[in-house]
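**Student:** Sequence:
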Amino acid sequence: MKLEDISTDRGFLFEHVPCERLELGEISVTEGRLEMQGVNVYCFKNRENTFTLRITDSAQQKGIQDCLRRQLVGLASLESSGSLATLADGRKKFCLRIMFFLRSVRFGRFQVILSNKAKNTLKKHGYEMSDYNCLADLFQFTDGVSGEHCFAFQSVDSLLEKPKENNGEDKEAATKVASHEALQTEKETPPELATDATVAAEDDSSVIDETIATLEETDENTDGDLASSIDGKSLKLCGQGITLFVTIEGDGVESRAMAYRAVVSKSRPANATLYWQLAYGELAFSDEQSYVAARVRDILHATPNYISIWNEYAIREGDFLLRRARAVGEISYSSNFNITPEGIELTVTDESTSHLENLATGDCLAAYLTPPPYIEDQNMNWQSYQDWKAQQLQLLKVKRLPRVPVFEVKAKSKYSVTLANERELPVGSKLYFSINGDEKQIERREKARYRIENGTSASPTLGLILGSQNGAFSTSQDVAAIGLTTKKISYIEPLSQILRQKIFRNPPTSAQIKAIDIALNTPDIAIIQGPPGTGKTTVITAILERLNELSEKRQMQPGQVLVTSLQHDAVHNIIERVNVNSLPTIKFGQRRTDDNLSMQEELSRWCNRTLTELEQKHPQLKQSADEKKLFSLYNAYFQSPSDTKAVNFLTAAKELVRDDLLLEEIERILEEIAPLKSTGNDELLRKIYQLRTKESSFADDGQIAAMDLYNELETLYGEALTEKQAARLDLLKKAAMADIPDKVLLDELVRIRHQLLAECIGSPPFESDEAREDIAVLYGKLKKKLQRPGDELGNIVYDLYSELRDNPYSVYQAIASYSFVFAATAQQTEKAEIKRAKGVENPQDDDTHAQYETVVVDEAARVNPGDLMIPLSQASRRIILVGDQRQLPHMYDEEIFQSLREEGLLEDEGDIKTSMFEHLWEKALELSKSDGIDRRVTLDAQYRMHPLLGKFVSDNFYKPYGEPFSSPLPAEKFAQGICSSPIRWVNIPNSYGQHERTNNFSLKRKCEVDYIVDTLAAYLADPQNNELTFGVISFYRSQVQAIKQAIKQRLPENLAKRVRIGTVDEFQGMEFDVMFLSIVRSKRFFPNMQVKVGDRHKEINLDELERIPADADVEDKKSHKDYVQAVGSSIYGFLTDNRLCVALSRQKRLLIVVGDADMFGGEISQRIAKVCVPAMYNLFRLCLQENSLVNS
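Number 474 in UniProt numbering belongs to position 474 of the sequence shown; there are no gaps in the numbering.
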């Protein structure tokens, strides 16, 4: 930018000023500063030299002199070289362009953040936004003296008017609104600076005086810094053809200049009064995202925080994974193998037998031709392994390393291992523990943490909220100071009348309405605690439905909301109840053991249900769909006549027509068209054509198409397969399970496609020029007998029915394209399938990520913070966490925890043990105190269980934390015919048999298994219990497996399928009418029982155990707590309050506890139980009060 590019008012600009140099010499200076030395004697200063001059035009000389006397800053530039001449005495005469600035201000480095609006304006006018240095050059110039960068600015605070309404447009703070309106156009000028074109030149001095006076009122210092001169003000920056409107936001170190508007104009607007101030300093431009990202990154990297602690955890996680792989080591096997029902049985070599000891069923082995680097280098750590991978990717110039075949371990013995028979073992390969799955999960966590820490997640300031610890940036102002002023969020009413009737079976409670309100109106995060049975699933459903009501249907984007959780069951539990816009919610991804087409099967069931409903409402539809197929076949024949197409049409007509005369005519034409015959299976032909044989198209729906064809052929072939048919089915099954097919597989698919087409179609049929006249006549007759629905609505319903019946894959694609809600587990939100449906470019690329306006996490307290950060990093507008910190905690590796503690990397053990849900629960309270916006709520009324049981759960697990809930439904609502009380304890004393420890270090107790299975058999056989649901829960996996096995052996299949059995960890979120709880542990108590405390064993001291250290210091309290935990875990195992809360809150009508009552009610044990497991002690006491303790 040059000085002449700046436009200013005529009182501040003098052009074509005739000058004479007072001494001899050449005029080599083109730009410089003008200073007054005497009457009509001026000094023109430049970095290279200085000379004196006089002005020969008296009128201009007077105006220039007045400006300099008022201490305005004058910059001059030599006008065109044509104005340069030599006087008779050898001196030079020339013309200057002189511009005056009201004052100069030293800015230093001045960073300007371009708002998205300003950035888009500049882009629209062709300015390149990839290089902000080029943009700075359009604003900067030099004064010719200092060598520093300069730029021109105008303080526009004097332009501010009283705030006005802006018709629903973006509203800022009152002063900012006024500033925006005052600067909306440059036609509105401040009255104190207004000039009239007819005013004489001598009046310019009064304009300058008034302008200077205005400045002196606000700032007497004419040479200050940014903070003292313009903090809190609005500015205009003058550029070459660009004017930027800027406000100074924030305070102190967090102040910054935001360019909220850009005006691009090549000429000065008419009637505009412009005066400028001169700034010395370097302009630096950035956009909103870059600025916020840099600030977040600087703060988080400088402050130890919650996220950095999990970075350390992740590093250890990778190291432990490599250690696990080395423990298994290399497994060699002989070339001979057996095919068993479970898979391929390999005999391992003698030196590899010991390696099998570190392998478990369900693990995966990878087949490598050469050992992986972490096996070759036993000292390689996780970071070194990541560096090695990066080098390989760069060397091979690929995005991902070639995949190696991976096999699940189905069984093992001392000398053999059985692998899933899903693919061929590479010849000459050896087996190693596969880290692929865990490695992928760790990498997804790392990438999410990186984006959050560096401010590049969908919500850039998320890291400040998640990372906050020990009071750091703990207020909303702290977070807002880093972020930028955003559009004001309009308040959203929590419920519409339609939604109340649609979602709530009981009137919504005030807490439920508040939860929905908070979720919809939070500026960042909302935390909803949902104790058992309080309707958190209903609240989530209401939130999703309300967001859908508010969405803009004309600009519908797929997957505006993401619903996620840790486990597949939790995600299924939500989406089973969510049918936004009457469409099923798409869940992406599945367990490794799930059927690959489980999602398609669910959609197929939805299609079938919808078809049935349509047929019931519109019985004529089934016939109409057949008619459509008939007309379609005729159109295909008519447009390109051939014998084959004629046969297809006539065959379909023959099946549909009931008129004898027409049937005879059809038979006659068919006989004439011999020898070609219809394939008789258009569906098969369609699926053959849909088989993907190229890598690019296979990535879209290749697996689905392969399985569709597999299912069609399997039905067609029947059970007696030929060798050729079996080979085809095996190939298609292999393709259906291949994420990325290799070239060999694709070539085989091409071959099988050609074979099948040849068998279905044969050689290309002869095509005639014209359709047969008799077929055309026949078609006319058929049209009169068979007609499509006549009205528009009927046609719409008809087309929907036809698509659901004949084109299920297109239905799946359509639902994915229009679904308001997407669902996936936390890890699988980063899979290519869901990113592709979301419209992400290059979905296979691990560095591309989907964004959702809203992310809802159910069972959030259970999700490990590393996994939770994955979906949270994808939320652009709001995060809604729903969970319960009183139920099961998040999972972490105890070994890694101990490692971090031993290395002194944990300031507080709670850094790892505390879930992110609980961390944010406290953080939400801090934010709310600072800005008055509620962000958390506890649902306070349960509708799941009998009020007696509801009160028990509330009193024991929630009331101590100030979170009690009520049970408003009457006891009559929970009646059942099994027993009069909603609780029963079946005592099976130690004399019936103790618990036993199994090979996997779990526990089981046979006498409890027998009682539960026998009782279930009686209850299930009783007709009065036909409507009841039954569940069995235990704290031990071996007990669960034993009960499952006994039920399978002793109960008929129709009764067995009515019972769900699982561990506590599997049952969170589930509910059953009747719940059996198997205690398992049973032991005799002796006065001298010993437990391990720390590294030594000591006898249980009941007095010490019952001592409550009210006045004890921190160390004594911790010592007592450790002692209580040691005693409790030794006797009762891991019956923590969290696990007990889940175990005792799954029932609706009846809880049946099965176990040794002496464990909690004996003379010694009750004293121990009261301290170590108070909830179980209180449950036992409640059973005594209810007279519901019975002996088996």
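One should not assume that every hint holds.
[Stated by the list, open to error] With a cut-off of at most 27 Å between alpha-carbon atoms, the simulated DSS-like pairs for lysine-lysine come out as follows: (1) K654 with K514; (2) K502 with K514; (3) K440 with K117; (4) K694 with K399; (5) K399 with K654; (6) K913 with K973; (7) K629 with K913; (8) K973 with K1092; (9) K447 with K913; (10) K629 with K654; (11) K781 with K831; (12) K412 with K440; (13) K1057 with K1118; (14) K1057 with K1092; (15) K831 with K734.
[What the hints assert, rightly or not] The following label-pair restraints were derived from C-beta to C-beta distances: (16) R901 with V404: 53 to 63 Å; (17) I492 with C979: 40 to 50 Å; (18) T848 with E1066: 53 to 63 Å.
In short, the hints are calculated from the structure, not lab data. All C-beta atoms in this analysis are idealised placements derived from N, C-alpha and C, irrespective of residue type, glycine included.
**Student:** Could you tell me which of the numbered hints above are not met by this structure, giving the numbers in increasing order?
**Tutor:** The structure breaks hints 1, 3, 5, 6, 7, 8, 11, 13, 14, 16, 18; every other hint is satisfied.
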